[in-house]
Amino acid sequence: MMSGQTGPVCVVLIALLVLWYVGAVFMNAPTQIDRYNRADQSWTTGQLIEDTLAQDRPILPAPHQVAVEMYHSIFAIKITSKRSLVYHSWVTLSSTLLGFGIGTLLGVLLAVGIVHVMTLEKSLMPWVISSQTIPILAIAPMIIVVLGAIGIKGLVPKAVISTYLCFFPVTISMVKGLRSPQVIQLDLMRTYNASKWQTFWQLRLPSAMPYLFASLKVAIAISLVGAIVGELPTGAQAGLGARLLAGSYYGQTIQIWSALLTAAFVAAILVVIVGWCERRVLARMGVKS
Amino acid sequence: MTLKQVVNNVAEMPASKKAVVDIKKLSLTFQTADGPVYALSDVDLTIEEGDFVSFIGPSGCGKTTLLRVIADLEQATGGEISINGVTPHEAREKRAYGYVFQAPALLPWRSIERNVTLPLEIMEISKEERVKRAQEALKLVELNGFEKKFPWQLSGGMQQRASIARALSFDADLLLMDEPFGALDEIVRDHLNEQLLKLWARTNKTVAFVTHSIPEAVYLSSKIVVMSPRPGRIIDVIETDFPKDRTLDIRETPEFLEIAHRVREGLRAGHSNDE
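Protein chains in written order, with our numbering: chain A, 1 to 289; chain B, 1 to 275.
Here chain A stands alone, though its shape is the one from the complex:
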């Protein structure tokens, strides 16, 4: 499977890099030409291209500039330093994972309630859905401020925002998954006089596993987004979100892009880990591979 995908993925990657370089040259050229004019300097096209890819604060930094910055801030700096991306990633990752854990638990519990109790479906489901119509950028600062006012700071408020985002896909999928057993399978459990609890463990929960993992992949990625959003209103203390915000305060575009790419890599790794767990669990459940 990997060998089948590697080729196409590489082609897309190369195309993106080429586009990126072309874009960087064109977007940075006006400021560069401006600079030449002010210095009363003559220039050639070759020189222009070279200089547009080596600016300090380019409008669009070139890939290699971002790569150098990322290498520098990930590997060259001590990870305890405030300038290390590893440090900032860890800050974001810890609240992502906490929020993901709580959100998944909350999502599953809500789904179990909704599937088993008729009144909960009628009363909770509309709230679950409308909770996601509120823009997270609007509610995130309020969560930080309100929790801060009662003395909860740091990791937890960010995790709450992650939880707020990621319980939703889990609830929706699990409601569907827990209801996925066929009538004939439910009848079968009834002929054994199985209790609700036994039907849940032996039939409903295993049936819901594929649904759960599909939603967990979405949940872990938006959990990371939630954590980054949660770091923006705290005044850029720590985390990838803080790094993004600081970068934009000081026009450090290279810093912004490297934080951005790091966030994307972290998200990709998290999704891959969930996918790996999914394959392990489903293989144990005898799914054809």
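Source of the hints: derived by calculation from the structure; they are not laboratory data. The hints are all genuine.
Interface residues of chain B toward chain A, partial, derived using beta-carbon atoms under 8 Å:
no., residue
1, A71
2, F101
3, A105
4, L118
Where is the CB? At the ideal position from N, CA and C, for every residue including glycine.
Based on the hints, put chain B in the right spot on chain A.
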């Protein structure tokens, strides 16, 4: 032996056997948006210990519904029904019957053995005992050696056999089967019919068997219940007297053909007021 003799022999037999299922004036009406549907009307039937009773009739005649009422998967709206002297609900609580559905309904994430032990797990029987009983049940349906396979690795016929093993695993005396071989081809079906007869002869269970195949009903049964639709009701009950160790060859005998003819006549009579 002519049909008359067969039927007479049955009539002369002493009625000393215990009634496993006793149904009197049973009716079931579904209330739907289009008005009431009379699924069952005025059904009287006794199934005795060791009987192999087939329910045959066109679709919509209530044969499956009747089986589901016996299993307490559906509740009658009128009349009386008792299973081993108690209500179907109490019988279900006592796990008095094993039910085989139209489809195997195996849980795809469990191996064959763990599918067979599912009811035993629910009944909280020890693991050692569960494995032992699964072995025995799988042997009865000739599936030993397939314990560790998953359902998708088995053919349709084997899956249905596994589901029969599952129904046998907790050794209920009553076996309810709802067109278990309906989805299988003729050859597999003949083979499974033979196996089922052997199993019945060996275990002396009481079997209630829903089918829409006349040869299957006549071949398997000690009692054939012919049903008719709208409203679902019993129009004929035919008792046969073939030996328990009958083989597929009896299908060529005049007695067999005569009973099959009577079943067909019954079905036709039931249908006539339809058209």
